[in-house]
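Asks: Listed below are the residues making up each chain.
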Amino acid sequence: MPKLKGAQILVECLKREGVDVVFGIPGGANLPTFDALYNSTIKVILTVHEQGASHMADGYARATGKVGVCLATSGPGATNLVTGIATACMDSIPMVALTGQVRTSVIGNDAFQEADTIGVTRPVTKHSYLVKDVKDMARMVREAFYIARTGRPGPVLIDLPVDSTVNETEFVYPDKVDIRGYRIQANPPVDPAAIRKAAEAISASTRPILYAGAGVMHSGAWAELAELARAARIPVTTSLLGLGGFPETDPLSLGMLGMHGFEYTNYAVAEADLLIGVGARFDDRVTGKPDEFARKAKKIHIDVDPSSINKTVMVDFPVVGDVKQVLRELIKQVKPPQTAEWLKTIEELRRKHPLVYTEKHKILPQYIIQQISEATKGNAVVATGVGQHQMWAAQFYQFNHPRSLITSGGLGTMGFGLPAAIGAQFGRPKDIVWDIDGDGSFQMTSQELATAAHNRLPIKIAIMNNQHHGMVRQWQDLFYEGRHAQSRLNPVDFVKLAEANGCVGIRVEKKADVRAAIERALQVTDRPTVLEFMVEEREDCWPMIAPGKAHDQMLGTYESLKDKGGAPQHRHLNPDEEAKLSLG
Amino acid sequence: MAEKHTLSCLVENQFGVLARVAGLISARGFNIDSLTVSATEDPTVSRMTIVVDADAQKLEQVKRQLSRLIDVIDVSELKSGEFLDRELLLVRLNGANREAVLKTVESVGAKVADTAANSLVIEAMGDTKRMDELVEKLRPHGIQQLVRTGRIALPRPAAG
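Those sequence lines, one after another, are chains D and B.
Under this note's numbering, read the first sequence as residues 1 to 584, first letter to last.
Under this note's numbering, read the second sequence as residues 585 to 744, first letter to last.
Hint data in this document are derived by calculation from the structure and do not stem from the laboratory.
Even glycine gets a Cβ: it sits at the ideal position worked out from N, Cα and C.
Hints are all accurate, no fakes.
Under 8 Å between C-beta atoms, here's a sample of chain B residues computed to sit facing chain D: (1) Ala-603; (2) Gly-607; (3) Arg-652; (4) Ile-657.
Construct the entire structure; sequences and hints are all you get.
Replies: Listed below in structure tokens is the structure:
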């Protein structure tokens, strides 16, 4: 049998895993790997910064459900990946990060560009491998991909000392993976008694709500979720990462709950008698004060990861297992509960407590996002940064398809939007990809405009330029008596920045020009378009549950804003259509 | 309420596992009272016996999080009365009043491991409680140095 170099074995393994694109930057310690990729069928995308590479791999994974791959050199290359790996870990995104490492003989000697990458990334990876011997390469790569995508997905790092990539051995691809400490996690057995109890609780409830999270996407269970909701007439709210898991055109959709969720949705959760958590982890941005969260409700929690259960909120009916598998069983066993009255109550709450905004001098970001939603009919893939614009995107874009929102939920990584949109566009070349961003977030990774332009990606980047870290400014106004410590940003000309990078740049200063600019961006097919919207500088994101408060104690409610000129925004359906769709 | 718990973990016998286990526990702010790593009947598997201070709900989380580690094969909590535990203890005592020391040593079932001009080293073995009591009895003789291995434990067979 002919011998192959370690880097060649790595590439052969990547091909067998179905990897078609890798994002990264070459450097001393990973040159053998780049050299092996040079003549392969795998596309290698050069990024400007390694953080960009990790977010691109992440965006690719979120948009496709496949494992995203990024590649960096040792030392600073590896440490630059860390933010992206941590982002993926918090949101359970399947990713494999490949890092160069100094030769095994000098590991620990403070060699040039050496960092203890395994040590640095240990708390933010699902698992990691150091390939000390080329003979382990095939097995470790195979296991890394398996671990990344099975069970509760997550990032796995493979650290590749130079000698592991240049030494030769026979290439034997392992037939199968068997990791004794991982068998149950990869495929946790479902307890039939737990399902039966959950099904009985649902059947007996009168005010149930399904609360769906990212697990619906990871498990590919959106059809089952919709089937259960529609068959049993149970309304569905989602976490930020669950958006798109249930179509928001459906009258049973309650949109997002939590800190910046809808007023009526949070009120409904506070009134529910049964909350059915589906692949969601009761994050603090969802629950507010954990003891007060859905306090009238019994709680079911379906999750593939047993350590998620009873972590923040104690539940009555835990069901460990793959969400799709569990939902299928529930569909068989649930007798539709009597929810007609409950749905009427929710319909009233929906009418009484809509989203609201008040027109001011400059354009409002909420309006811009409504226009993007309309222009794309809710069919685009939308990446975001983190902050006010992210919450407005969650509120005002109508997400109708799974894998259509690409956003950093758990870690809240500013700068995620642009590189994640690039990764998503590589994964889904035929779809329209938007990055709805803030000027603060965008600038953290804006150098990747060059990557997008060089690859002729027709991404649309909508920057809500309020010249502030807007959410920080809002909190300073709410909780720090208006002392705007370092929340005002230095002005930047984003149109010039776009043009300097080979993108189309358009500045929009009037509300009347918003839609035309969006339409123009949609017509550009051979390069990125940067739309710089000059928006209200001091617009606040409402409604809001202040940290540590309960769901029925919201700030910025419709009631409190309507007398100050606030116009209701019936978001899911226009009010006329809503009337036709009787929820009862 | 925080109390002492004994966890017994079977782990892959390879580098980096201790760092993963210790990192996970310390990242949640638990103090590790003692931790021993040792060989088992299977050379590819090591056993870690970990004694931590934690309340019951948090401990449940730690157990589940430990189970999530790929290199951890099994995690079990050893409940009071359901396991055998031992520690080894070495104490260097002031040798001034040697006769009195030897009397105490004999009465508690310990042994003299080494003697020097002005000191002597006592060795003893037993469960944690017994070792705690022994230390208190030896303390009046002037403890110069003390070292304990930390707890190793095996579950007792289930009754019946």
